[in-house]
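Engineer: For reference, the chains in residue letters:
Protein chains: 2
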Amino acid sequence: MNGAESLVRTLVAGGVDVCFTNPGTSEMHFVAALDRVEEMRSILVLFEGIATGAADGYFRMTDKPASTLLHLAPGLANAQANIHNAKKASSGMLNIIGEHASWHLKHDAPLTADIEGLARPFSHWIKTSANSKAIAQDAVRAIQESRKSRIASLILPGDTAWEEGTGPAATPDSTPAPRTSGAVEQAARALMSNEKKIMILGGRALRGKALEIAGRIAGKTGAVLATQFFSSRVERGAGRVPTYRIPYFVDPALAALKDFRHFVTVETREPVSFFAYPNKPSLLKPEGAQVHEVCPPGDDSLAALEALAEAVGAKASDAPHQERTSDGLPSGKITPQAIAQILAVLIPENAIIVDESLTTGRESIGVTAGASPHDWLQNMGGSIGFGIPVATGCGVACPDRRVINLEGDGSAMYTIQGLWTQAREQLPVTTMIFANRAYQILRTEFAGVGAGAPGPRAAAMMSLENPTMDFVAMSRSMGVPAVRAETCEDLIRAFKAYIAEPGPNLIEVVL
Amino acid sequence: MNGAESLVRTLVAGGVDVCFTNPGTSEMHFVAALDRVEEMRSILVLFEGIATGAADGYFRMTDKPASTLLHLAPGLANAQANIHNAKKASSGMLNIIGEHASWHLKHDAPLTADIEGLARPFSHWIKTSANSKAIAQDAVRAIQESRKSRIASLILPGDTAWEEGTGPAATPDSTPAPRTSGAVEQAARALMSNEKKIMILGGRALRGKALEIAGRIAGKTGAVLATQFFSSRVERGAGRVPTYRIPYFVDPALAALKDFRHFVTVETREPVSFFAYPNKPSLLKPEGAQVHEVCPPGDDSLAALEALAEAVGAKASDAPHQERTSDGLPSGKITPQAIAQILAVLIPENAIIVDESLTTGRESIGVTAGASPHDWLQNMGGSIGFGIPVATGCGVACPDRRVINLEGDGSAMYTIQGLWTQAREQLPVTTMIFANRAYQILRTEFAGVGAGAPGPRAAAMMSLENPTMDFVAMSRSMGVPAVRAETCEDLIRAFKAYIAEPGPNLIEVVL
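From first to last, the protein sequence lines are chains A and B. Residues are numbered in my numbering as their position in the first sequence, beginning at 1, plus a constant of 354. Residues are numbered in my numbering as their position in the second sequence, beginning at 1, plus a constant of 354.
If several chains are the same, the list does not tell them apart, and a pair holds so long as it fits within one copy or across any two.
Keeping only pairs whose Cα atoms sit at most 30 angstroms apart, straight-line, the calculated BS3-like set for lysine-lysine is: (1) 612 with 460; (2) 669 with 550; (3) 460 with 481; (4) 460 with 550; (5) 634 with 481; (6) 634 with 460; (7) 550 with 563; (8) 612 with 550; (9) 634 with 550; (10) 460 with 502.
Think of the hints as simulated: they come from the structure by calculation, not from any bench. In this text the structure is predicted, and so the values were computed from the model without any measurement.
Please construct the entire structure, taking both the sequences and the accompanying hints into account.
Structural biologist: Shown next, in the form of structure tokens:
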């Protein structure tokens, strides 16, 4: 059994049984091993950023790492923007990066480059596997790292892949000891004080039992329960503990937070402005407020929240729960508010919302708080081109749930190739493209950074008109059925029909 | 005048008057400056890999650097694969990478990452501009670097952009002293010997006066005049000095080179296998053969070739010139050979061919050696997704010449968004998509690396069927007119019509 097959069998034995792949010549032995290891599900993508975004979505929905297979340094380069997003979301991932055979590197062939150097800014763990006898053990280490919500980059030289290996190695089960931070007692005192306090949740604290316990703590102590503007995955909707979302822009965020004296953070850090603006602060808490970190990002907060609940004496009955609400279905012209109202009524039970809607969804999505229960995933790294790939990974992870990808038109075009993989794998993804035909967010930010009013040349750099893109034709060209919605009635009809289909589809929502 | 405007005016004054851009919030002051500096042509792209590929094409056709504007680390990440290709082609480029304001970095906002670390593997020169008073001088240095066929990465923090600057700085004209390598005499002796010798040209040695002089040297000495399999830009066709192309695969390359005792290299290095294969050598020259480097890659070889011509006593009349040849137009089924024959007849005078055709064009393009004179550009870095962006840059550089982009279907999908920019700028680009519906090259390489015959699961990773992509619909969806050709007659008709149009268009060539 060669090194490549030893690697694939080690991955599968360690529970890493999905690979999002865009291979090249140097990865052919890995591809050949797929024929012999049926347990590995290998999914072809047309661009490497799809692979890593999909692995991010897969991790968020399963808490299990997927692998990716990338072609040398340029393949990794194409993958990096969505590795960045995954890293900021504490999504573990195991990237396998092909490399020339060790003895070929010194000749500086066209594809030769510094893969380790390239991987460093976005990886927690990097290793070039020295030879075919070492690869199985290196894979064990990579599995362990990626299970711990970390980015593992395992570089696989050609000779390591094709020479005789050891066969698979077993990865020990790792049950990390629950960590309770020293800040629990301090946070409990703050929460029981009479001062205004806010508890901000991130990561796994926004799901399941952890969220429920956080709700009890908030109900008992009168703390506001909040999320950052962006969260990796929130379980929300009717029956769940509701949370307040801290605003995106600096001025409303400062206003919203100005009275709080205590910030209790759970799997997140104190709120920070997304961008810097002239004469505006980076930190959003008021002067003199205290931060109590109960659990850092990437750790599992459940034990800490249980300890905190005990310390403040919170009971099950203290937790508030969201009621099912809806304002009814709108008609006529499509607006951001109308889209949110339609989603509030029509989001199917247990849906997964992947939100890269930026301006269109940004301020109105709160209307969906009382929709049927659903998961809501957002971009934690700010690198555009997140939605289609992450939705792809969610579809692979959860074939029995409907994935709804809210997508800006500008954002969609960074990784539009992902639609093809959705068609090929017949994934249950409905993409809504919000076609405002602009980088609309930049029009807002232009004034926000003090650049004044754009003249015609600056305005042209934020416009997606001339030519207008036809997302219906584009989607169909990659095998994904699509329609255009120009009124609320169109949108409601299309959405109802499409979420009932088994495979992927797309609605171009003209704004 | 703020730092951003000081930067833009310094660029323009230094001859860098094109910017391929995909900006974000942190770059809004640069965008605002475009309104005040009309001499800067700013071209919007939908994905950063288009920007850097376009800058590569622009440099190859003008010998002048273009600038790109990229959004923080993820924007640079998306741009890197085509920076890699440009670096391997010795194409200079000036990348401006936006960064958070200096005081915002410590808060680790979502888009924060190590930009310098990320830039390092593919940049020759990197600088984070410390403040708005320094940016104009930093830009001067970046211009000087990029003029020297180097990748310059200038990182622009928000406060450097928006605070008061110095106004523009002047970049001194740089006329690098012509370098004649010490190997000229040694090469001259080898060329005048009775042993078999080959002179391999790269870079600017494949154009204009340098190519002509190389032809004289070869004619005088009996050396074979050759190119690597991939070259950055070759002036070829009727009336030009013809060159022999060293084969891609190791076995035919070894066979072709086995009798040569002397390898004279000019702006390139000795031939190396593109990939490593089990039990095959990396170096393609026979044992005991000598290499004489007359000029390293990236340097200008003209002076060295002039010295060499004098040393061997070559005269103008010694140079061979290619005759106009053609086999006539084929009919019926479209094959790689038929495509090459059609191109041989129909390539318009002075066309620019951007070749990312891989399997379809790889072995048959030699048929076009006797076509009308044209420039032929290839991928020097091996990172796929090169063709559409580079053709875009050529169209910007040479609005009065026809650009013909020979593109594989798999390759096209990495950077398909470039078609939109071609439509927006109405660039004179005809794209031919060779739709064999496979990563055909991998089918060949699979056996080549000793992986045997692919089973169904491996084969699926190399197939682009299921679903079949409709490149006609995809192209039209981005504003580029398109037709499908299923026979030679279709292709001839479409090609004749399209190369006579002023704007972009696309032919899906079904194989």
